[in-house]
Amino acid sequence: MKKACLLILIQATAFLDLFAAPIRSFPELTSAMHTGNRFVMLLDLQQCTGKAGMPTGYITPTAMMLVPETGTTPERVVTSHFHFTDRSGKPTYEYVKFTLYSDNTVIVQTTFYEPQSFAQIGLPHTFNCLIGKGIEIYSE
111 MKKACLLILI QATAFLDLFA APIRSFPELT SAMHTGNRFV MLLDLQQCTG KAGMPTGYIT
171 PTAMMLVPET GTTPERVVTS HFHFTDRSGK PTYEYVKFTL YSDNTVIVQT TFYEPQSFAQ
231 IGLPHTFNCL IGKGIEIYSE
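Mind the numbering: the sequence shown is residues 111 to 250 in our numbering, read in order.
Hints in this document: simulated from the structure, not taken from any laboratory.
For every residue, glycine included, the Cβ atom is placed at its ideal position computed from N, Cα and C.
Just so you know, not all the hints are guaranteed correct.
No farther apart than 30 Å at their CA atoms in a straight line, the calculated lysine-lysine pairs in the DSBU-like style are these [said to hold, decoys possible]: (1) Lys207 - Lys243; (2) Lys161 - Lys200; (3) Lys161 - Lys243.
Between beta-carbon pairs, the in silico distance windows are [as the list claims (entries may be wrong)]: (4) Gly181 - Lys161: 32 to 38 Å; (5) Thr159 - Thr202: 16 to 22 Å; (6) Gly199 - Gln219: 22 to 28 Å.
I would like the entire structure built from these sequences, with the hints used as guidance.
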């Protein structure tokens with residue numbers, strides 16, 4: 111199964127290289143956002159954590175927001191993804207929040223919820239990635 115996921119990720123990357131423009135930095139991302147481009151984000155948590163066997167996948171954000179710098183917070187781009195999945199063989203909802211910063215760091219936070227009560231399952235998991243290492247972004 112892991113090999114199949116890796117093969118799909120490699121094929122998706124090759125396809126996107128042909129038909130989409132890679133985003134290599136935060137300024138490129140914000141520039142593409144200003145022109146109304148849509149994006150595909152490839153996620154490889156193994157590259158973020160260094161731990162073998164971590165999940166890989168992709169999302170196509172339906173919305174992204176450029177949040178301006180304030181006196182207490184830096185400029186950033188935020189997006190999220192909510193989906194039904196399984197965790198340890200049991201059905202769950204998963205909420206994944208992506209925060210992309212001007213220094214090309216990306217914070218990925220994932221939280222699981224029980225599907226009937228919507229109670230949070232455990233603590234959220236946080237992953238520290240970089241644009242181009244763990245997170246690849248393509249502009250369509």
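Hints violated by the structure (listed by number, smallest first): Of the numbered hints, all hold.
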